[in-house]
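Please take these sequences and the hints and turn them into a complete structure.
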Amino acid sequence: MYAIVDCNSFYCSCERLFAPALYNRPVAVLSNNDGCIISRTDEAKAIGLGMGAPYFQYRQLIEQNGITIFSSNYHLYGDISRRVMDTLRSVAGNNMVEVYSVDEAFINLKEVPEKKLSSFIQELKERTEQWTGIQVSVGAAPTKVLSKVANRLAKKNKIATNCIVALNTEEEIQDALQRTPVGDIWGIGRKYAYTLKEFFAIENAWQLRQMNEEWARKNLGGVIGVRLLKELKGFSCVDMKDPLENKKMIATTRMFGKPVYELPELKEAIATYTSRAAEKLRRQYCATKYIDVFIMSRPHTQKPGDYYTESRHLHCHLPVATSDTQQMIRYAKQLIDQLYRPGLKYIKAGIILSDLVPDNSIQGNLFSPFTETRQKVLMNALDNINFSMRDDAVRYASTGVKRNWKMRQEKRSKRYTTRWEELFEVR
DNA sequence: TCTGGGGTCCTAGGACCC
DNA sequence: TCTGGGGTCCTAGGACCC
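Numbering-wise, the first sequence is residues 1 to 427 according to this note's numbering.
Calculated directly from the structure, the hints in this document are not laboratory data.
Among the hints, erroneous ones may be present.
Said to hold, decoys possible - Subject to a maximum C-alpha distance of 30 Å in a straight line, what follows is the list of computed BS3-like cross-link-like pairs (lysine-lysine): (1) 241 x 116; (2) 258 x 333; (3) 376 x 333; (4) 348 x 267; (5) 191 x 348; (6) 258 x 280; (7) 289 x 110; (8) 376 x 414; (9) 289 x 406.
Stated by the list, open to error - Cβ pair distances, simulated, as ranges: (10) 158 x 53: 19 to 27 Å; (11) 290 x 426: 35 to 43 Å; (12) 236 x 425: 46 to 54 Å; (13) 203 x 384: 53 to 61 Å; (14) 419 x 199: 52 to 60 Å; (15) 203 x 236: 22 to 30 Å; (16) 311 x 126: 43 to 51 Å.
For glycine and all other residues, C-beta sits at the position ideal for the given N, C-alpha and C.
Structure representation (structure tokens):
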């Protein structure tokens, strides 16, 4: 058996922790750049605020209904997330928790005796809520896919289920699957949902479950589809992931606060993103051998409602893996030089690192200069300073001073739990 | 005026080799 | 005149997730 624990309206719940007046009131959190809506409380959903909806289109609705809006505050959410996960580990044990996303974790229940299952799940929920103040929903079932089905039903019927649904028997599973539209199955996105409905008249998860593996291989993305089908049928084939696994790819990409036209500004942005990506790289003790840079532009003549963009990528393979910010910036700027076309309206840029290797096993080559140790010491010092003091206390000059392109975040709450000067005040 | 960011996995198809 | 088959590796791109 697996359980999935999912925080209810996670970002909004984090904001409410430090603004208790907002309980039972509509709240929403915006994406970076205050672009669109990425978290909503039930009250905000009831008013008609859509997930992923562009903020500017909903301004009026928001004002009319007194919905409280926050810019995203990832320092805060990241810290609260860590507390939630620690709490879950305290109940289930370190090795039984797989952090799946910032607000979700799978729990392996294989060692929980059947008789104790329901009290154990109850404990997961209650302790998390008591220790962190964040409400969660729990779904439990024989496979991960089915536990997601259960979790969705728990969230859909909060009062009736007390946010807990466990699927133990075949009857319960069948009933749950019949109440789950195909598009809401974990692993079925928009495209597949459309195909399933249009071409196979499959509307819900139960109908999908009646299909066979050959059909799934052909119509549902090959082995992925086969796996999904098996999971629906109760055969577990998506294991718990090793928590120590490193990321295979690291990306730092951002929309600009306002359009950028000139190369120097573009270079500042890319240098900044590269610094950030390099930090993430060093945090997992890795070096990269592959750097990809992209820029995204929007045509000057664009009608309202039209959201067409163009992006161009360029990449390079490094002769020797590196995690040195300065060196990475140098490569990234060369790529930007080649990508840049004057006269375009750039709205976004980014850097993607892959082909990551552990930094203690870098394969040197005959032509590489022998400065690695010094660079490593420097990077270490840089990371330590930037971690303990405010962000970017020390940074490379090429990341810019004015930073006109920086994103907008007009409604961000304080970083109550991670910055001394922003601690929550009680009078 | 204004539409996020960061990941994973898989497949198809091309290049290359023997 | 005539021009195979099987394998590997790599990359781009699609689909999905939160």
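Each hint, compared with the structure:
Distance hint between residue 241 and residue 116 is fulfilled; the C-alpha atoms sit about 25 Å from each other, no more than 30 Å. This hinted pair checks out: residue 258 and residue 333 have alpha carbons roughly 21 Å apart, not beyond 30 Å. The straight-line distance between the Cα atoms of residue 376 and residue 333 is roughly 21 Å, inside the 30 Å bound, and the hint therefore holds. Proposed proximity of residue 348 and residue 267 is supported: the alpha carbons are some 12 Å apart, at most 30 Å.
Using a Cα cut-off of 30 Å, the hinted pair residue 191 and residue 348 holds, with the two alpha carbons roughly 26 Å apart. Under the criterion of a C-alpha separation no larger than 30 Å, the hint pairing residue 258 with residue 280 is consistent with the structure, at around 26 Å. Simply put, residue 289 and residue 110 have alpha-carbon atoms about 40 Å apart, too far for the 30 Å limit, and the pair is violated. For the given pair, residue 376 sits about 33 Å from residue 414 by alpha-carbon distance, which is inconsistent with the 30 Å threshold.
This hinted pair checks out: residue 289 and residue 406 have alpha carbons roughly 28 Å apart, not beyond 30 Å. Between residue 158 and residue 53 the C-beta distance comes to about 23 Å, which sits within the given range of 19 to 27 Å. At about 49 Å, the CB distance of residue 290 to residue 426 disagrees with the hint of 35 to 43 Å. Between residue 236 and residue 425 the Cβ separation comes to about 49 Å, which falls inside the hinted range of 46 to 54 Å.
Between residue 203 and residue 384, the C-beta spacing of about 56 Å keeps the proposed range 53 to 61 Å intact. Between residue 419 and residue 199 the CB atoms are about 53 Å apart, so this pair conforms to the stated range of 52 to 60 Å. The beta-carbon spacing between residue 203 and residue 236, approximately 25 Å, falls within the hinted interval of 22 to 30 Å. Taking the beta carbon of each, residue 311 and residue 126 are about 47 Å apart, inside 43 to 51 Å as hinted.
In this structure, the earlier hints numbered 7, 8, 11 are contradicted, and the remaining ones agree with it.
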